[in-house]
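Engineer: Chains as they are written, first to last, in my numbering: chain G, 651 to 1226; chain V, 651 to 1226.
These are computed hints drawn from the structure, not numbers from a lab. Please note that a few of the clues may not be correct.
Identical copies carry no separate label here, and so any pair may be met within one copy or between two of them.
Stated by the list, open to error - Here are the computed lysine-lysine pairs in the DSSO-like style, where the Cα-Cα straight-line distance is at most 30 Å:
no., residue 1, residue 2
1, Lys910, Lys846
2, Lys961, Lys891
3, Lys1035, Lys1023
There are 2 protein chains.
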Amino acid sequence: MHKIYRVNMTDLSVKIEPVPEAWAGLGGRALTSTIVAAEVPPTAHALGPNNKLVFAPGLLSGTAASNAGRFSCGAKSPLTGGIKESSAGGTASRIIARLGIKAIVIEGQPAGDTWYSLVVSKDGVEIRPETETLGMGTFAVVEKVNERLGEDFAVITLGPAGEHLMAISNISVKDPESKIRSFGRGGLGGVMGSKKIKFIAVDPTGGAALKLADPAKFKAANLTFTKTLNDHPVSGQGLKKYGTAVLVNVINEAGGLPTKNFTSGQCENHDAFSGETMYDNIVARGGEPSHGCSIGCQIQCSQVYNDKDGKYLTSGFEYETIWALGADGLITDLDVIAEIDNVFDDLGVDSIETPVMFAVAMEAGLLPWGDGKRMLQILREDIAKATPLGRLLGGGTGHVGRAFGLTRIPVVKNQAIPAYDPRPIKGIGVTYATTTQGADHTAGYAIATNILNVGGKVDPLKNEGQVELSRNLQIATAAVDSTGLCLFIAFPALDIPECLGSVVDMLNARYGLSLTGDDVVALGKHVLKVEHAFNLAAGLGPETDRLPEFFELEPLAPHDVTWDMDQKELATFWNF
Amino acid sequence: MHKIYRVNMTDLSVKIEPVPEAWAGLGGRALTSTIVAAEVPPTAHALGPNNKLVFAPGLLSGTAASNAGRFSCGAKSPLTGGIKESSAGGTASRIIARLGIKAIVIEGQPAGDTWYSLVVSKDGVEIRPETETLGMGTFAVVEKVNERLGEDFAVITLGPAGEHLMAISNISVKDPESKIRSFGRGGLGGVMGSKKIKFIAVDPTGGAALKLADPAKFKAANLTFTKTLNDHPVSGQGLKKYGTAVLVNVINEAGGLPTKNFTSGQCENHDAFSGETMYDNIVARGGEPSHGCSIGCQIQCSQVYNDKDGKYLTSGFEYETIWALGADGLITDLDVIAEIDNVFDDLGVDSIETPVMFAVAMEAGLLPWGDGKRMLQILREDIAKATPLGRLLGGGTGHVGRAFGLTRIPVVKNQAIPAYDPRPIKGIGVTYATTTQGADHTAGYAIATNILNVGGKVDPLKNEGQVELSRNLQIATAAVDSTGLCLFIAFPALDIPECLGSVVDMLNARYGLSLTGDDVVALGKHVLKVEHAFNLAAGLGPETDRLPEFFELEPLAPHDVTWDMDQKELATFWNF
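Starting from the given sequences, assemble the full structure and let the hints guide the process.
Structural biologist: Shown next, in the form of structure tokens:
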């Protein structure tokens, strides 16, 4: 990976640049965050010409390493006002890596009303005016690009929400079955939309196996690595069978399943939308319980979920989305939840931000609790078409909560809090409050150690040890996000000693380096510090590293606990 | 003024407290900001139980001093997220001062759905359940309270917007003719609404002339002070004849009249809604060109503006509102502008935030440019009734701009920028960027010295001297806002040496003190520092002391200038 493609949408020019020496050792999140921090003025308007949208495969993307298909996208977030890195599966990361492209940087914005597509190839980027796919949902865009250019092209596209520059919009990536994976969070669809790019197609022609400094060592390390993935009960069994929805019953049992807009920690209907129920439905209806989001995936946490008639309903059906619709919004019919999930993908909206927003709208009385049919109608009629109601909701959870004058608005840095209540699971609260990304469980998944007893055990109900836990997880996550490896490798990495060593060995064998585990930790720290400095300069000071006040004021059943961590203790997070 | 009324809306209790020694020398803004800063956690939700709503007359309110009828209201702002002090005319300040009440502090919030009214008297505060006036516009509430309690009661009330907790809502105060004056900015109506108080009535019974330490000295000083008000051409002539709308032609001529959502500095239709046209209409239709907002006003910048049939349309018809509708929103019919102004008052919405928001909505295509009839319809049908469209718009300028993904959103700290473009009038840009209040021309009215040649002359097109100008004005303003005197006393205060001295003499004669001009300056500095410390702790750090990026990127005709002041220079504002 020896070149950077730079696309200027102001003058519609393209440059192919060599990789600066300082960026040579970076990939994925480390690279996108470094470029955004270096080139975007922190106070720039996120939808203006000074923001940049950066895509980068990880350091191991394009190799034969297991689970190395993740793709990174970075920009200043229109939702949080801070830096954003989002990760997606799909086919793009592998294809781009094998074309030797280390990053694609999209800058500027066109003055007129013309929309464009980008066609990326080994020779550069062609910027083409685009009309046919405008207004289309993401599935139709993928189908159209498959027809127009070929099924082997990677596709990165917007749905209608991204075209409308909505803060709930995401960026969609075609997966191996021409379904949708997403750069879900932070409203990145709006950034791509503000540059008037409907889709990016990537021609795999000329892509080649990546040169490895030590092929034998790489192969051996990958074998060890893959074995640890298969040996760990979470990555090798739980996720494979039940998907991430395995967590519905686990988190409900822990009393941390936010229900009815974060007013209870348990949901009486949890069985209706649990991973176990999902699995039974899949098997009974001829779906696929185990499925990968990208080539080389061992974990197979995705699935194909069919309706009662055996017709495809959705895939990539995640716990956080199911939770938000089922528990937070009280929609008890898993098939309706699946249908909504598919519409989220088609419109190109964040499947966490959007349902959490709907639960807030339910609390505000805009639609009845649990009314999935009305939600589908609003999605298709109002959000897709950007009616005034669609605009109100398209601004996301914080936007809707403020419009109705609510006090129970579950956001940090204006991004919706996902599926784990921080009152009885305090480690995840530290992550929500301190991560550079706005509320984001993936930034430092303390659930592992608070609830799943992975990487040891820290009592979820006590504040002791949570800052250190979250800090270590956030550092490790930032490093993993830079490799192109799936975050779920963290489960074996936390419990099986050989795992992390094999990842370091793969990096060394790929690039001819002699990194140690300490170097990986140093990379993670560097990423966090780069991102944090950007946020501080953007105006997200230490006062924004906090949970909303209602967590301090409203005790949560069944543990009857509030969020009571001292802000001074929280601030020690950054002492590294 | 020797007592503080403290109303707890959580347990519906009232306490009458003596004035703490530290607050004895404070009034108006100095007192409300000091109480808010001392008692409201800076990170509290502005609509939650931990915010407090504080009302205070000024240090000279209730005396015979000219133009001392201003009333101060403070809280954490739901719009800006920072501290807010707003000033209004009307009868309340004088009545409350003469009851010996130094401040009314309203805290907590009721758990249930019951709304309340407060009846304040010399003996305390009665908290009464209220139903009859719910949903009513402010004019109807005032009429109802006049009937129910008596015409001599002061009334402080919400319109529907405040009941709906909208960020554009304000708090209305009855004026001597039972018309409406407003605590306009910062969404304070939502704070009162969150405490479920529809109106506060104040019984004047038992109010008495305030004791003066030196009545003869007070009388002499007031005579001198009043003469300076009458002698200055702005306060003595321009404002009296044309109202604040005298500025339409002046600011247009200066090229600083923001037009069509801040895309030009001149409006070709300016004559249609100028102060001169307003004056001609008033005289031709039997209105009143000169009118006061409170007892004792010498300047009489208000008016009674009638329609073509001589029927009352509006009063308190201000330049900023006329600008926002006429130039920024391209509504050219002054009678339509007047009708809208009256509806703003009736709904209880900020007549700056709301029309600036509408111009942004026009740019977004939500309604046609210049369509005042459609605006009236939206106000009456959607904002008054809080439909989804009303909720979208009720969030204010920033909220609407973000919902539509616009980049040209004229706000600072999320509060709409008023009627003076900062690109060709750089002094006011410094005020917008640095004031603790969010964009607010009254916080440091650099127009005086940049454009009107009051208090000397600083070239509006140059950056030199603007920070110092704005700093001096903001300090002086904070002091004036603490006296209960109208801000327009600044015109003679800046030009006529006797003016400021006579104000200091009145303060000394009232309280038996021996303050000097330096003490007044020290008070102003203290107020700004207290407010600034609150904002910093609330998360409004130095990065938020800036203008939106579009002012740097888009040159403004006719001077073809951008905002180009260095942030480091701006930051020197706080060096005092």
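Engineer: Hints first: check each against the structure and report whether it holds.
Structural biologist: Results of checking the hints against the structure:
| no. | hint | in the structure |
| --- | --- | --- |
| 1 | Lys910 / Lys846 | between (37 Å within a copy, 24 Å between copies) |
| 2 | Lys961 / Lys891 | within (20 Å within a copy, 76 Å between copies) |
| 3 | Lys1035 / Lys1023 | both (17 Å within a copy, 25 Å between copies) |
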